[in-house]
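Those protein sequence lines, which keep their order, are chains A and B. At position 57 of the first sequence the residue is numbered 57 (full-length UniProt numbering), and the sequence of numbers has no breaks. At position 162 of the second sequence the residue is numbered 162 (full-length UniProt numbering), and the sequence of numbers has no breaks.
Computed footprint of chain A on chain B, listed as stretches where at least three residues anywhere in the stretch have a Cβ under 8 Å from a Cβ of chain A: (1) 257 to 264; (2) 271 to 279.
Part of the chain B face toward chain A, derived, beta carbon under 7 Å: (3) V15; (4) L18; (5) I19; (6) S141; (7) L146; (8) Y153; (9) F157; (10) V291; (11) A294; (12) V298; (13) V299.
Below, simulated SDA-like cross-link-like pairs (lysine to any residue); rule was C-alpha separation at most 20 Å, straight line: (14) A:K32 x B:L127; (15) B:K224 x B:V212; (16) A:K34 x B:D129; (17) A:K34 x B:T133; (18) A:K32 x B:R125; (19) B:K52 x B:Q282.
Note that these hints are calculated values from the structure, not bench results. Quick reminder that beta carbons are idealized off the backbone N, C-alpha and C, glycines included.
So the chains spell out like this:
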Amino acid sequence: MTAAIEMVDVLDEPKAIEGRRPFSLAVRRLRKDKVAMVSLVVIVLIVLMAVLAPVFAAVTGHPPNEQYRDIGLTPDGLPRGPNGTFWLGTDDLGRDILVRIAYGARISLLVGVLATAITVVIGVVLGLAAGFLGGITDTVLARLIDVVLSVPFLLVAIALVSVTGPSLTVTVLVIGCFSWASVARIVRGQVLSLREREFVEAARSLGAGDRRIMFVDVLPNVIAPVIVYTTLLIPVVIVTQATLSFLGLGLPPPTPDWGGMISESQNYYTTAWWFILFPGLALLVTTLAFNLFGDGVRDAFDPRADRT
Amino acid sequence: MAMFLIRRIGHGILVLWLISVAVFALFFVAPSNVAQTLAGRQGTPETIALIKHRLGLDLPVWQQYLHFLGNAVKGNLGYDYYHQVPVTHIIGQALPITVSLALGAAVLWLALGVFNGVISATHPRSLADRGLTLFALFFYSFPSFLLGLLLLYFLYFRLTLSGFGWFPAGGYAPLTGGIGPWFQHLLLPWVALALLLAATYTRLTRGSMLDVLGEDYIRTARSKGIRESRVVVVHGLRSALTPVVTQFGIDLGQLIGGVVVIETVFSLPGLGQTAVVAINQQDLPVIIGIVLFASAAVVVSNILVDIGYAVLDPRVRLH
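Put together the whole structure using the sequences plus the hints.
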């Protein structure tokens, strides 16, 4: 009896492995990547910090924008270093840096995710359309991609934000509307070769229309490079947002955000190292975690890249 | 080749024209108060109207644009609103600074990136490979302003406090004032920019070197008894550098158009910083001029990259 059951097990097993889809294979590879997993844990911790920002405020008893000009500043009016009341010290207005970092994480992650989502959606749709439809659509879109890729992005972003006035929506839209071109170029390139394949012909002979073939048949085949690009795009977007804030075009004060905090700390870095160190560390750890994780995702989805 | 060049240049001009329209539209859709600023607080409506007339701001947008375009074709990008200096002159003043910054940094990041990439590729999966990859990703993750500020903190502020005033706090010293001060003022910005960009080159060199070292002709070279260092550098690196050259052209083109953040942090009055100042003052002719110049730098470098590609790799044919 037992022997028969074991036989069945042995017979069943290869079938189960054969059935794995490329996506779940990639996830398996990713889970074995220690660096990527540690980075993922760090990312989860940062997300938790952002979600639980009010808890930081409650535990320390310091709201993010409350200025403690008496206990939070030295008699000379300078920021106070880390101590029992202010664990990571205070800024130039006597505000609690720890609480502001926790609230700042919300801005960075929100912009990072939203702007990346816009970028990827626009990029994938336009890239698909250009590559699949060809003809005049492709000519126009390809020129548009060239234009966006040739524009000095940061300069135009600064110009746009200075014209419209800084706000979260503007930051997200500016980043999203100027980053899609590289996604579109990748997708277009892939689709150009995919559309000549038999399964597209098969779908068409079954009576499927352009839109159905594009989104149901072709899109799943370009999803892997898009996932890789997306994970690597998030840290870039976070840095761009922080850069805009640093240049004074982030969110209007007193909203706490990391780039703005670092910018405010510039006049104090000779006297108050904690003022630049902790927001700087928060930003660096976040981008590093996303980059290391993205690197792992790339290796997992394209294992050839790392093989000799 | 000639047809290819003509087509690419045609595309380039089209791209630049579209960008000029877009930037022009952007600033005219937005409310502008340049005339108000120039007139000062005491400015009467008559003064403001006069200033608007003098700057041509009272004309319809499309007339202003045609006027601009007509001059631009003749090489005149207009005059700045505040001091009536030709925009081409402003660009000419800022350009040497940005070029000094970009080229110096390029030497550093190429050396660093290619060297690390070769070490990684010749010792794949070793401790050195992992260490160098981590080093590259670490600096790649750095926001440029943070890296700049940290370099200033440790290498300017801390060192100067300890009595070693080797590095200035920022600013630019032109080459005409001697190579020493020029070098001293640019060293920190160079290092910052090079560290930020080297990662891309480490990865590119590593990947393409790994591909090349797996080729048959490398095995042939080895079996002929050629020294390993010669195989790697002469046979391997030469053909592995093609993607590096491509990326280099693209990066350099973008940097020549202005290195906004590093120039701001190190107070270098190059194109990037000049543009930021112009944006804050709503000095439209300067903004458009620099944006167009920067875009042209990217367009030209892309064409050069394509040509360089064909020169380096005889298998590539341009048509």
